[in-house]
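J.: Whole structure, please, built from the sequences with the hints as guidance.
Residue numbers (the working numbering), protein chains in the order written: chain A, 1 to 419; chain B, 1 to 419.
Keep in mind the hints are simulated off the structure, nothing from the lab.
Treat the numbers as computed from the prediction; the structure is a model and nothing was measured.
Just so you know, nobody snuck in bad clues.
Heads up, the list lumps identical chains together, so a pair's fine if it works in one copy or across two of them.
Simulated crosslink set (DSS-like; lysine-lysine; CA at most 30 angstroms straight-line):
#1 K307 <-> K354
#2 K178 <-> K81
#3 K405 <-> K235
#4 K418 <-> K235
#5 K288 <-> K360
#6 K128 <-> K418
#7 K178 <-> K418
#8 K418 <-> K83
#9 K411 <-> K178
#10 K235 <-> K411
#11 K405 <-> K288
#12 K83 <-> K354
#13 K354 <-> K128
#14 K405 <-> K307
There are 2 protein chains.
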Amino acid sequence: MPRNAFYAQSGGVTAVINASAAGVIETARNYEDRIGKVYAGRNGIIGALAEDLIDTSRETARAIAALRYTPAGAFGSCRYKLKSLEESRVQYERLMEVFRAHDIGYFFYNGGNDSADTCLKVSQIAEKLDYPLCAIHVPKTVDNDLAVTDNCPGFGSVAKYVATSMREAAFDVASMAKTSTKVFVLEVMGRHAGWITSAVGMADDADTPIPLLLLFPEVRFDETAFLAAVDAKVKAHGYCCVGVSEGLLDAQGRLLAEAGSRDAFGHAQLGGVAPLIASIVTARLGYKNHWAVADYLQRAARHIASKTDVEQSYAVGKAAVEFAVRGRNAVMPAITRVSDKPYRWKITEAPLAKVANVEKMLPREFISADGYGITGKARAYLGPLMRGEDPPPFRDGLPHYQRLKNVAVAKKLATEFKV
Amino acid sequence: MPRNAFYAQSGGVTAVINASAAGVIETARNYEDRIGKVYAGRNGIIGALAEDLIDTSRETARAIAALRYTPAGAFGSCRYKLKSLEESRVQYERLMEVFRAHDIGYFFYNGGNDSADTCLKVSQIAEKLDYPLCAIHVPKTVDNDLAVTDNCPGFGSVAKYVATSMREAAFDVASMAKTSTKVFVLEVMGRHAGWITSAVGMADDADTPIPLLLLFPEVRFDETAFLAAVDAKVKAHGYCCVGVSEGLLDAQGRLLAEAGSRDAFGHAQLGGVAPLIASIVTARLGYKNHWAVADYLQRAARHIASKTDVEQSYAVGKAAVEFAVRGRNAVMPAITRVSDKPYRWKITEAPLAKVANVEKMLPREFISADGYGITGKARAYLGPLMRGEDPPPFRDGLPHYQRLKNVAVAKKLATEFKV
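T.: Following this line, the structure appears as structure tokens:
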């Protein structure tokens, strides 16, 4: 008898996490003898705890296929971390109760390293309670910080967006620099690791050189050295572009954006390291500045997603189901790079114990000696992940994205669960 | 005997101003009997004053064609306003001196309403000095505030970018709202007129409804009413998106971003009305916020330019040359809308006296009665301008934009001119 599957999206969403959802659902539909219905958690794991399940079988094949080009989380995501089995025992037992009520035999959890940990614990409690379950983690994070996998679905598209945006802004600044803006600052995501910051560096290449400085979360901010570097770029090229991580730290290791920093006019700064850096440049060097904070635009920009990223996102969803029907448990489909040139990759199996709660940091050898740029090794790594275009359909000039019906599954439990 | 042409880019650049340059240069190359070389001003009109001219005949046909998909100003632009003939007599006479030295018979000035005024004055001084010159203005501005023309080249692409970005961010926020961000604020350009703000409204349509509030520069900010509107959207839909003009004014008519406003924590704000609005929402309503400031990204985003905008930008460049060879003077090619459905437009001739220094404001009938949205009339106007895609070529995952050689023309004057 086929058993049902549960799928949930976890944590910050991406431009391509729905491509993984499409991979899971479409592949499950190919294994009718093994997998019954795919139920999605409304707003992630909270949907499972609250027995608020979405019946994806009520969606047409066309709607599910359209998830491939629709950004963000089609079923809703959540920031809700289950702790250890001891601390969160009630939640884990509730999950088992809901899964049992709906005959869930497969658990697909689509998220980062926190959710890899949750997925692992779900497989452990199921085993302890003698409940047969295949728990498979589906990797996703713009932060690119999951272990074992060469890269994370979601990252390549953010990388393409930030590099494209910086390149375009650089053309603008170059045009204006003679009489107006000389320094442009773009703030990007990645609080702990500088993967996205490193991708900004790809805006500048041999074909299209750009005077560009990067401020990594891995390199403590040295105002004097930074200002000297900016000044040198402006003197040599007429302008300078700066890509800064939201997680930039000062010499004492405090976040610049939260350190109660004061700008040149003595104003305290509220959020946004880009305006802070920009105001320092203007106050100390006198150069007119402009700054941008891309925020959610960068991780939602499906219109300029990387084709490689879309394909890999779909592939990890598909592989998760294939692992499940082969009876695998507590594993994650990982992307393994076979070669750089030509870029080739394959899906391999990673044990969740090696992924859960581990943060993969940007290698120091990806950052140039002066701390303000990227190395050839970084370029060889980043290049293929950003490659290929896969635009969504447009209607009346705008991307046309899919919204699902998200029909609820009838509840079977009399008990309520307060999240 | 053919005479040479001078072309210059003026003021803030756009994603498509180079398409107008391509229209001018390619069309001039078709009139060899009338037009000799096209010289471009390096950094706009400053290049003419300093006799720093670029010989566009040194660029290949392929390079000029590539300007059609290259954002920003290929020859450099400048913010440098010539004043009245009395105040700036020395500059105007210098222009004539340089034009005479290089046998310039055609003056093409690509800019907004300031530069339309300059173009008009150049035609007047030429006439006064008996110097034969056709002075043609080529319209350009993301602000969409030029008179006579139905719309301005550059605006449609910004409109497409901001509407796309808001729609994508809205999908993201909708996914996260259950446990995280409930209010997202996007700041857009357009200090005096709310044209770009109105375009944000296109993110929300019948197909893809989004709980969205717009804060126009035309509508004074009423904090109490705004907070009530945000709260109502969050209560009804779980989240709310806000598009705010950088030029939003408080009840006293002061720019919010510069009014020394203090956030909920008593911090003075430096620049950026988006973080200010976001902090007010969180302080008063308790909703978690995220905010973005697109800044130059919005006007440089050639990767998502409107095809209509690209075609019209090219067309006004082409028409400018055709006007010139027909001996027209002190005019501008304007875009005249023939019909909305199907959208049809043609190029007509506008006298510069009607364009110079006039700002075309957003009609009040484009703003909904409550002041937070757009009307059907606005949609009928905006829709066609954003329509069609015209992506640039990509290389290794990034847009590949053209850089010109920009070879200088040998100077003929012994005199220097200090700008």
